[in-house]
Structures are given as structure tokens and as C-alpha cells.
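Q: Residue numbers (the numbering used here), protein chains in the order written: chain A, 1 to 328; chain B, 1 to 260.
Careful: at least some of the hints might be erroneous.
Straight-line Cα separation of at most 25 Å, BS3-like style, residue types lysine-lysine; simulated pairs [what the hints assert, rightly or not]: (1) A:K116 to B:K125; (2) B:K254 to B:K226; (3) A:K120 to B:K127; (4) A:K116 to B:K127; (5) B:K125 to A:K99; (6) B:K254 to B:K217; (7) A:K116 to B:K237.
Quick caveat, the hints were computed from the structure, so don't treat them as lab data. Keep in mind it's a predicted model, so treat the numbers as computed, not measured.
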Amino acid sequence: MMGKSVDSRESPYKFNLRETRRHVEEKDKSPTSKLMTVEEAVRRFVANGLHVALGGCLYSRTPTAVIHEIIRQKLLNLTISRSLTGMEADLLLGASSLKRVVTSWWSVGYAWGISKMMRKFVEGNQVAFDEWSHLSLGLRYRAAAMGISFLPTVSMLGSDLARVNEVKEMTCPYTDEKLLLIPALYPDVGVIHAQRADKFGNVSIDGYEFMDQDIARASTHVIVTTEEIVDTEIFRKHPDRTSIPFFCVDAVVKLPFGSYPSECWNLYEADFDHFSEFSRRVSESGIDGVRGYLSEYVLGCQSFENFLHKIGSTRLERQRRSMQDVIS
Amino acid sequence: MSSAELDYTKAELLAVMTARLLEDGKTIFVGIGLPMVAALLAQLTHSPRLCIIFEGGIIAPELKRGKMPLSTNEIRAARRAMAFCSITDMFLYQQRGFIDYGLLGAAQIDKYGNINTSVIGDYTKPKVRLPGSGGANDIASAATRVIISVMHEKRRFVERLDFRTSPGFIEGGDSRIRSGLIFGGPYKVVTDLGIFGFNKTSKHLTLEAIHKGISPKQVAENTGFKLPIAEEVEETKPPTQEELRVLREIDPDKVMLRGG
Chain A
1 MMGKSVDSRE SPYKFNLRET RRHVEEKDKS PTSKLMTVEE AVRRFVANGL HVALGGCLYS
61 RTPTAVIHEI IRQKLLNLTI SRSLTGMEAD LLLGASSLKR VVTSWWSVGY AWGISKMMRK
121 FVEGNQVAFD EWSHLSLGLR YRAAAMGISF LPTVSMLGSD LARVNEVKEM TCPYTDEKLL
181 LIPALYPDVG VIHAQRADKF GNVSIDGYEF MDQDIARAST HVIVTTEEIV DTEIFRKHPD
241 RTSIPFFCVD AVVKLPFGSY PSECWNLYEA DFDHFSEFSR RVSESGIDGV RGYLSEYVLG
301 CQSFENFLHK IGSTRLERQR RSMQDVIS
Chain B
1 MSSAELDYTK AELLAVMTAR LLEDGKTIFV GIGLPMVAAL LAQLTHSPRL CIIFEGGIIA
61 PELKRGKMPL STNEIRAARR AMAFCSITDM FLYQQRGFID YGLLGAAQID KYGNINTSVI
121 GDYTKPKVRL PGSGGANDIA SAATRVIISV MHEKRRFVER LDFRTSPGFI EGGDSRIRSG
181 LIFGGPYKVV TDLGIFGFNK TSKHLTLEAI HKGISPKQVA ENTGFKLPIA EEVEETKPPT
241 QEELRVLREI DPDKVMLRGG
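Extracted from the complex, chain B is given alone in its bound form (with noise of 0.2 Å):
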């Protein structure tokens, strides 16, 4: 992908703006790969109060640009933090109402923000064995704004997950809170075409922004349901020079940012 300024892959699309979403001074709970790499671009940036939550117990780390960790529960994503805990506590104070934020990925997304990575075809004689949950139910379950960041493919935004790992709004309207889980829920969706919010009272994904050079019809192709537009689709900005500069220190080889 490319704009008249400046290339950039649809990774680095993606981390870009999903870092612009994350305001200064909240704490974020991030996993592996791209969430990671968008928190810390968040803080090398315009939010440099974010404080970085790892599932390993791990509070307040000091990222190093290049060093990424290849996990959530090792010395490069430990380094420099303020406090450690135990894993299950970690999860407590999100439980408790600690974390702001909330970034995940996913195999499957359906239309209202619930997430699959855990198997493709049935559960009990599975196509594909995904890795699991690890801690993304958790997140999904008691983060108070989850925010969700994925390529836009038709096999990922489907109309049935194949299992649902992870609560968004369930069935939408007042289901999420029916089911018990009365805090917390999807806030955004980001992907390479667009930004995605939620309906007030339906619950069904939204597309309310778009970036440059997408059309909705392009949106509208990749997503395997119907997807209502907001009265008024903005166009996100694309990447700053800057912004390009910082995240290509941040994972020089690519390793997080492996896409497009």
C-alpha cells in the first residue's frame, strides 16, 4: 500500500493507527506482535505517560526499540518495570477496574466484536487447532475499553465464529450484560481499510472511519455480513514521516509487524 507521500505496509497501517487511539496517562494491557508494538508507539509518541500491562505480572515496563520480547512473560518485556505480581493478580487488578485498555487480535470477528482464536471448524474435531486464548478472554471480559486490531478479511470477518473465545457484545443489544459481564466491552476496531465503532443500542459493528484511498464498497467486500456506515465516514490521516520513523525503530526486522 502507498500513499503519495509515503509507503508503508498495511502492518504499520494498522499499528499506526491504533497507537492514535490510546490517550496519555491510561493503562493498557497488551499481548504479542502488533498490540505491543501500537502501545509503545503510543508512548514514544503522543501518549508518553501510557503504562504498558503484560500478562506475565509485569507493570509499567521500559520498552527498548529493537528489542522487542518474542513473549508477554520474558526480560525484554520486563525491563525496567515498576512492579511485578503474579500472573492471576495481574488479571485481578483488571478485574478490579485497573486497565483502560485492552488490545487484542483474532482469527474470527463477528459483527458484535466477539472473537475467535482458538480453532477453525468444531471445537471437538477441529479444521485448525489455534494456539488459544492465553489471556484474551480476560482482556475481552473485564478490560474497560477492548480494542480490537486485525487485518480486513472476508474469512476473519465473519458472519458465525467457529467458537467464541473471547465476549464482545454476545448477541448484541443488552446481551454482553445479561450475561453477567456488566463492565468493560468492545470500543473500537481497527483495521488496514477502516475504523470501526459499535451502535449505541444494536451493538453492530459500524464503519465510521475509513483510510485513504479505501472506498466503503471496498470495505463492504472484505467482510463476510452487512455492514451499516455511520451518517458521516471520515478520512483517517495517513501515516506521518515521523510516526513511520518511530515504529521502524521500534521493530527494525519486522518481526511484530509481519504483515502486508
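Looking at chain A on its own, in the form it has when it is part of the complex (with noise of 0.2 Å):
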């Protein structure tokens, strides 16, 4: 389209709309129970080499519980994308599984300084870090919400990030001005983790919802982990909150403190400790030490909440009265 002012350079961004709404249009749609465990959400939506769009951002509303569940089927080459990325990037780089990072930014958080893991790995040229700006990852996952193949901004004009991107510009046949054409990003499953679901896949996120509703349309399946599921009635006395429908929805998992040890607003706070824990491991000894941390807590648990009954009740506990203390 408008191709007279788009310059003609081959783009690595190669879409099939068709392909990719094929996808949805073949989706079963209807409101059949998705309820399963994350063992067997993994293991049908998940692949070697697949792209996974993670929901939330930094430590808010991580789906902490899949990214376990992917390190305990030893899944390869896996592509993921994310607004900001922390420790679950360094959990996956610990075990091998991750060959490319698309984000905006990538550390375990502020306090804890660089990731020792990602300068590993991204100086080593052994993982791919594709730096995109804030806005111009929302944009991507949004033009693929939408079903078209790029959406225009001023963000990323006059960087180096629209150039190493390969991001094309173009002169508006409207305004004269120019913009920067950010191509659209179609995630093979995105995975969110939220506060309430029904068995159908209707999905309520209380607080911040981050990119999650792009996502959600946007990825050809997706995985969602839930505090507790409620009954549909629920949804239809407040159609207002759905946040996600449930014919986007492919799997429907029950898990409180599935986002542990990333918060999940209202509920519980991230648990700094433990992040500073893992932190400290990393800083200690390095990829032995994320390798040390995945054998205990990761590996060395059978599931998800053989994990939450190694943090102890004490410790969630602990972690639901700060939320409560910071949000009053």
C-alpha cells in the first residue's frame, strides 16, 4: 500500500495474513470447558522453536507457573517476547531453552542491577536480544491484535533501533510527515497468567492489564494460569470486566500464586527476597548458579505447587499481607 513513498528494500518481516487468520477462523469457538492442568496446556500448545509472547510485565503478573512447566519438559529453541523481561529470561537461558529475546528491556529488576545472565549469553552472541522500544512492541503485538501487517508511530524515528530492526519509514500521503511503520508481531502462544477465569476461557484481569489483551488476540493460541476459576454467572452479571473472551482462550489453568514470586495486584506483592536470593546465586556463580536454583526449585519439584509448598505458607502468607499493607 501507498508504495510510492515506502522505501523497496527486502524486509526481514514476512507476513501471511492469510496463514495467520487461518488460524483464528479454524480455532474451535465454541464454550466447551479448557480446564486442564499446565502439564498437559505445555504440552499441546508448546513447541521447540515456537515464538511465546509472555503476559505481564517485569515481576507483575509473570506466568511463572508455564515458564516451570517449559523448563520441565525441556523445551529447545524458543523465541520470547515480552514488554519488560526479568528472571524468567535468565531461568530460561539456565536451561538451555531460549534461542531469541524480543523486548524493550531486560533485567531481574532495578535493584538488582545487569543481568549477569543476559550479558552472558547476548555478548557470547549465544541468544539474540532484538531491542524494540516500549511502544513500538505494544504496537506490534496491537497491529496483530488488529489483523493487518504493521501500525505507524513517531517512536523509534531517528535511532538506531528502527535501523538495526530494519523498521521502515514512510512519508504520510496525507500530512507530507514522516512515519515509522512498525511491523506486526504474531506469537505462536501467548501465555498470561490472571486474576480470575471461567472454565470457558472468559478471563478477568484486575489492575494493570500491561499488553495482555493484544496479546491475547494476537497469538495463534494461548495459555491462560488462573487464581481461581468462577462461575460463568460471574462473567455475565459483569460482562464490563471481561478482559479476554473465551473464544480466544485455548487452555484454562487453576493456579493461585501461579505468578509467585512476581505479584499479582490485589493479591499478593512480588517477593523481593526471593528474587534477591536468585539474584545473589547468579552473582555468586554465575550460570551454576541459575542451574543450582532451577535443580531446587524448578526440577527438583514435580510440579508448580510442589514449588509454592517449598516457599512455604508462611512466606505467601507474608506476601499477601504486604500487598494488602501497600494497596490501603
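Bring the two chains, given one by one in their own frames, into a single complex with the hints.
A: Shown next, in the form of C-alpha cells:
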């Protein structure tokens, strides 16, 4: 479209819009129960080499249980994308599951400095770090959520980010101003942790939604882990509170504290002590520190419930209370 | 660093000088660390109606002194907010023109206010890979007035960036506008040595004010490029007792204000 003003270099962004739409057309959109275990959800919808978009942001509503299950199932060559990427990427690196990270920022968090794992793997060219501005990544998901191939913006104009990502510019046919054309991103799987869902996959997210609604529409398949399963009547009574309708969702997994050690808005605060413990292990022993963490907390636990049991109810209750202390 | 009356760290000086630039009744997009502290300091002193915006999609929170968030996407950052929206929509409010100030840090900054937060060395073979843009590029592209607050070091104020993560005035003159960035742009650079603006036509970084006890020579020695000096360089007033008292209530353990 508007070919006269777009430069003609070969683009790395090859969309087959018919193909991406076909996946959605062929989805079973009937209201049937999609309840399953996290083991089954990952086995059915995640495979080696796929692109997995992670909902939440940094240490908020991270789909931790699915990350753990991906590691337990020893999946390989994954690409992950996320608005801000945190400890989950360090875990996946430690498990040799990653080939590419598409994100705007990558570190466990401000308090813990630059990720040593990220530095080791990216500086050693063992994993690709595709850096986008935060809005640009959001527009990539949104363009896909809209079923189109790009969205125009002023972000990243005049920057090296646009250059290294080979993003094309155009002159607006109406105003003659320059715009950058952010290519869509169609993930194979979107993974979202929410406060509540019903068995059909109606999902209600409390607090900040981050990029989760766009991820749910953009992805071929969607796995939702949820703090609680509620009756569909709850959604019928408050349909304005439905963040994601059932026909987007392929798997619903009930997992209270499924985001721990990340926070889940209004329910529990992020466990900074746990992040500090992880960061200390990485500082002291590098990748062996991550492997030690994995064998103790992920591979050494048969399920996410076992992991939470290891953390202990006292600690989890403390996180519930500290959320209430901040929110009130 | 010390003055005759009060002791304060370089990071505290930077936070106070940044806060003083923030007018009441405006909106400000802030990142984690010093920007957040400076915005809250302004709110608690001279600008009580300053509206803080976080990239997590958080509008007008009331941050609690001594309980600073460690991310712009978490409950402490969202305390008593007036509104939430998606991350993408938060940045689109900015692209629409709703954000008056953007507050940024930088690993490297050049004479036109372009900044690097991506890599030291070559992008494809970096010496140090940094966490990346986050929302910095978007703020630099679309906030109405961009303020950059950094420690003044020669290795930070460089002739040539290793990577232009976030655009300032690009190559000076009207090159920012020619790049398509027809709104906003760098407004001030605040350091522990002074306050800097940008020449109206060349868009070159220019020394406008200097902190007490600092000489222009010191500024030149710590800058990796030739720095023009405004015709009249003012001296800034040192942080007051009240400013430092509030600042130390905000960040008592110096988690956010680590430097100096």
C-alpha cells in the first residue's frame, strides 16, 4: 500500500496474513471447558522453536508456572517476547531453552543491576536480543491483534533501534510527515496469568493489564493460568469486566499464586527476598547459580504446587499481607 | 560533596536540581530510580499538583515516602492511582501530546542530547550489553519537554554515541524535525556539575548554570566534547534543608539515589 513513499529494500518481516487469519478461523470457538493442568497445556500448545509471548510485565503477573513447566518439559529453541523481561528469561537461559528474546528492556529489576545471564549470553552471541522501544513492541502486538501487518508511529524515528531492526519509514500521504511503520508480531502462543477465569476461558484481569489483551488477540493459541475459577454467571453479571472473551483462549489452568515470586495485583506482592536470593546465586556462581536454582526450585519440584509448598505458606501469607499494606 | 552549611551527595544534588525544573500542574513520564525520586520531591515541595505517569499504564499515583517501587509496573508505583490503562495506550497518550515532561537517565549522552542505554561497543558485538530502551526511546520521541539527569563523567558525555537508543536533536539544527520527530525534544540536561540547555539554532548542548563550588573548567574537563558556555552562567542555589529532609524521607536507604 502507498508504495510510492516506502523504500523498497527486502524486509525481514514476512507476513502471511491469510495464514495468521486461518489459524483463528479454524479455532474451536464453542463455549466448551478448556480446564486442564499446566503440564497438559504446555504439552499441547508449546513446542520446540515456537514464539511464546509472555503477559504481565517484569515482576508483575508473570506466568511463572508455565515458565517452570516449559523448563520441566525441556523445550528448546524458543523465542520469547515480553514488554519488560525479567528473571524468567534468566531461568530459560539456564535451561538452554532460548534462542531469541524480543523485548524493550531486560534485567531482573532495577535493584539487582544488569542481568549477568543476559550479558553472558548476548555478548557471547549465544542468544539474540531484539531490542524494541516499549511502545513499538506494544504496537507490534496491537497490529497483530488488529489482523494487519504494521502500525505507524513516531517512536524510534531517527534512532539506531529503527536501523538495526530494519524498520521501514514512509511519508504520510495526507500530511507529508515521516512515520515509522512498526511490523506486526504474531506469536505462536500467548501465556497470561490473571486473577480469575471461567472454564470456557473468559478472563478478568484486575489492575494494570499491560499488553495482555493485545497478546490474547495476536497469538495463535492462548494459555491462561488463573488464581481462581469462577462460575460463568459472574461474567454474565459483569460483562464489562471481561478482559479477554472465551473464544480467544485455548487452555485454562487453575493455579493460585501462579505468578509467584512476581506480584498479582490486589492479591500478593512480589517477593523481593526471593529475587535477591536468585540474584545472589547468579552473582556468586553465574550460570551454575541458575542451574542450582533450577534443580532446587523447578526440576527438583514435580509440580508448581510442590514449588509453592517449598516456598511455604508463611512466606506466601506474608506476600498477601504486604500487598494489602501497600494497597490500603 | 559539601557546602558550608549542609552535606549532600551528588545524587541528592541531582535529584533536587531536577525537581526544581518541574512546574506545578503538569504531567510527567518518569522511569525508575532518580527520575521517580525527583518527581516525588517536586510534588512534595513546590508542585503538589504534578501528575506522575508510569509506563505500566499508571496515571496519578500517590507514592509513599520510604516505600519507593523498584519497578514502574508494580503495586507501590500504582498506589492510589486515579487511572490504569494498557502500556501501549499509556505511550499513545504521550504520542497524542498529553505528557509535558519526560525524565531520563543515560549511559552515554552526546552534544545534541541523543542518548544511549543499549550497548557499550558495537551493537552486534557489544563490550557491555545494557538492559535496553524500555520506554526511554518513546519518551525521547514524544514527550513535550525531555529532561536528562545524569552524573557528569567524561566517559558518559561523549563525542560519538556507541548507539543512538533515544533521539535528542539527532545531528543538530533542524535534523530532529527532518527525521519526522516534529514534536518535543530535549529541554534541559541536569548533572552534578551544572544545568545545560540547547542552543536555539545549532541545538548544541550549552552550559547555562553551575552548582556552587564548581568551576567551568571542571565542567569542561569532565566533558568528552567542546562545550559552549552561555553568555551569563548563573550559580544554582544549593539544596535547602527542607529539600534534603523530604528527599531522605522518600529514599531513606538510598536505593534510588546511589551515587556519590
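Q: Between the alpha carbons of A:K116 and B:K237, is the straight-line distance 25 Å or under?
A: violated, 40 Å
Q: For the pair we were handed, A:K120 and B:K127, check the Cα-Cα distance against 25 Å.
A: Distance of about 11 Å is within 25 Å: holds.
Q: Keeping to a limit of 25 Å between CA atoms, is the pair of B:K254 and B:K217 held or broken?
A: violated, 30 Å
Q: A:K116 and B:K127 were given as a pair; does the straight-line alpha-carbon distance stay at or below 25 Å?
A: With Cα atoms ~13 Å apart, A:K116 and B:K127 stay inside 25 Å; holds.
Q: Would you check the hint for B:K125 and A:K99, treating anything up to 25 Å between C-alpha atoms as holding?
A: holds, 17 Å
Q: Mind checking the alpha carbons of B:K254 and B:K226 for me, to see if they're no more than 25 Å apart?
A: Violated - the C-alpha atoms of B:K226 and B:K254 are around 33 Å apart, more than 25 Å.
Q: So if I understand the rule, the pair passes when the alpha-carbon distance is 25 Å or less; does A:K116 with B:K125 pass?
A: Given pair A:K116, B:K125 holds - Cα atoms ~16 Å apart, limit 25 Å.
Consistency note: the structure conflicts with the earlier hints numbered 2, 6, 7.
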